[in-house]
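Protein chains: 2
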Amino acid sequence: MKLKKITVVGVGLIGGSFAKGIKEAGLVEEVSGFGHNESNLKKAVELGVLDTYSTDIAEAVKESDLVMLGVPLGAMSSVLESMKPHLKSSVILSDVGSSKMSVIEAVKEVFGELPPNFVAGHPIAGKEKSGVEAATSDLFVDHRVILTPTAETSIEALQVVENLWKALGANVVSMDPGYHDEVLAATSHLPHLLAFSLVELLNEHPELGNVFQYTAGGFRDFTRIASSDPVMWRDIAVNNSEAIAKWLRHYQQSLTELITMVEQKDSDSLYHLFNEAKQARDLHIVNKD
Amino acid sequence: MKLKKITVVGVGLIGGSFAKGIKEAGLVEEVSGFGHNESNLKKAVELGVLDTYSTDIAEAVKESDLVMLGVPLGAMSSVLESMKPHLKSSVILSDVGSSKMSVIEAVKEVFGELPPNFVAGHPIAGKEKSGVEAATSDLFVDHRVILTPTAETSIEALQVVENLWKALGANVVSMDPGYHDEVLAATSHLPHLLAFSLVELLNEHPELGNVFQYTAGGFRDFTRIASSDPVMWRDIAVNNSEAIAKWLRHYQQSLTELITMVEQKDSDSLYHLFNEAKQARDLHIVNKD
Chain A
2 MKLKKITVVG VGLIGGSFAK GIKEAGLVEE VSGFGHNESN LKKAVELGVL DTYSTDIAEA
62 VKESDLVMLG VPLGAMSSVL ESMKPHLKSS VILSDVGSSK MSVIEAVKEV FGELPPNFVA
122 GHPIAGKEKS GVEAATSDLF VDHRVILTPT AETSIEALQV VENLWKALGA NVVSMDPGYH
182 DEVLAATSHL PHLLAFSLVE LLNEHPELGN VFQYTAGGFR DFTRIASSDP VMWRDIAVNN
242 SEAIAKWLRH YQQSLTELIT MVEQKDSDSL YHLFNEAKQA RDLHIVNKD
Chain B
2 MKLKKITVVG VGLIGGSFAK GIKEAGLVEE VSGFGHNESN LKKAVELGVL DTYSTDIAEA
62 VKESDLVMLG VPLGAMSSVL ESMKPHLKSS VILSDVGSSK MSVIEAVKEV FGELPPNFVA
122 GHPIAGKEKS GVEAATSDLF VDHRVILTPT AETSIEALQV VENLWKALGA NVVSMDPGYH
182 DEVLAATSHL PHLLAFSLVE LLNEHPELGN VFQYTAGGFR DFTRIASSDP VMWRDIAVNN
242 SEAIAKWLRH YQQSLTELIT MVEQKDSDSL YHLFNEAKQA RDLHIVNKD
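Each protein sequence line maps, in turn, to chains A and B.
Be aware that the first sequence starts at 2, since it is given in this note's numbering, and climbs by one per residue.
Be aware that the second sequence starts at 2, since it is given in this note's numbering, and climbs by one per residue.
Okay, chain A solo, but in the shape it has when bound (with noise of 0.2 Å):
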């Protein structure tokens, strides 16, 4: 299947990049961008990301071969609602988010059912910038896009995504997308949280005052996720909320029998504890240092 003119719908960090990849590949004729910002899309064609761009949604994936959804998980409902008379009808859709049980959801109530072509993805890549202006065309490359295709989904579609993807350098798996919003609520939204929840937690104490003068670099380090657009985790946090409360609940129940290894001093305990993560840490993180 040639794609002649490919759409990317909300140009930031990650639609930004992806755009900007498939352009520097010359793997299509066009590639387009929607946006409400105008000053931003035309940024990004100054930059490189996109050839053209348009703010009326009709005009930006008229004749569209694949639209690519880079917008807020907030946004996924009405972006789809306000394309779909425009698509054509054999367009190949996909999208960027961070849960995929919810945009699937999406897709599903606006078009009454899972179109064939619909290819829900999510690339994991670093987040903490955002914005086109921090978008390049190597961000996937070594890193993994999930893609979470349905029983409804075609062969066909799940293959030009796949193949796109992996233009772009990136490490394509599979996954059901039930497993990957457990996945990621464990591993990146989680984490997420807990940045969040600990820098809220010291900022101007009232029994310490502005402690932030007396942190290092494993404080920046560890907080740095904290850093992260707080639209774009409000939004993963309500659309993945069961998965996450459930991690957040088990990592609670780490903390419980934590403190009671700390209060009663339990020295071979918590010895074992640092030493079993240090241990898995340094195994499977040991080549991104």
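In short, the hints are calculated from the structure, not lab data.
Do not take every clue at face value.
Chain B stretches covered by chain A per the calculated footprint, using a threshold of three residues with CB under 8 Å from any CB of chain A [what the hints assert, rightly or not]:
id	stretch
1	48 to 59
2	188 to 194
3	208 to 219
4	233 to 245
5	257 to 270
In this text, all values refer to a predicted model and were calculated from it rather than measured experimentally.
Glycine included, each C-beta is placed from N, C-alpha and C at the ideal position.
With chain A's structure known, arrange chain B on it following the hints.
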């Protein structure tokens, strides 16, 4: 007060970096080291960290004008006991331990009282790496060193220790030892324990399998401190247990509120929390990324 000989007891990253800085600055005639592992001490001499060393504590602290304790918190008491008979009466004692009340208690127990020439201290410098191989003379440049003098501490001894740290480029502040332990429990011990706990929770969790393969930069940064030395952290958890348990409970309370927000899909409260945290981090840690 002119110092001729300084002895560093426990020549790892912190003790070694202190020794190397003192030696490179030519502040004393002899920088000596003590430890149990002779090959480590030999390496320290080769790396320009020490002038001399001994595995005999009597020899190592003999004629020393200042002894800097760089051993794990769990070894403080026994090391103090073993060196006590061999110390010059005028010796200045200091340390780099991560909790201060427990070190002060140990000194009081071993000496029967707090010697006026004892100055408890704690450099706030990154400690994921360990070992003398990682020691650098500039480790403390622009880093905080917290000294925690008590009513018994001699002004002169305090001044000497402060001047040494300043000579290494550190930004020295004094505070109450109890306040130090609270601040460090909140800003350092808490995040370290949170990171260890998260990695341990996710390590081969029966519901998810190996999820580390789906993590990216955010997880890597968040868990970097979980690669820290488990012995050191066991000792910190045991030696500052009261303050750490207290802050773990504060944090659990924050998580309880967060879980409610997530379960209720309370967008406004979630946005408020994430935004406040982001603002605080961007404000206070702004120049540290």
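Practice problem: Report holds or violated for chain A covering the stretch 257 to 270 of chain B, Cβ cut-off 8 Å, minimum 3 residues. | Solution: holds (count 8)
Quiz item: How does the coverage statement for the stretch 48 to 59 of chain B fare against chain A, requiring three or more residues with Cβ below 8 Å from a Cβ of that chain?
Solution: violated (count 0)
Quiz item: Does the stretch 208 to 219 of chain B contain three or more residues whose Cβ lies closer than 8 Å to a Cβ of chain A?
Solution: Held - the stretch 208 to 219 of chain B has 11 residues with a Cβ nearer than 8 Å to chain A, which meets the minimum of three.
Self-check item: 8 Å C-beta criterion, at least three residues: is the stretch 233 to 245 of chain B covered by chain A
Solution: Coverage by chain A holds for the stretch 233 to 245 of chain B (6 residues, Cβ < 8 Å).
Quiz item: Within the assertion that chain A covers the stretch 188 to 194 of chain B, do at least three residues meet a Cβ-to-Cβ distance smaller than 8 Å?
Solution: As far as the stretch 188 to 194 of chain B goes, the hint holds, because 6 residues have Cβ atoms under 8 Å from chain A.
Checked against the numbered hints given earlier, the structure breaks only hint 1 and satisfies all the rest.
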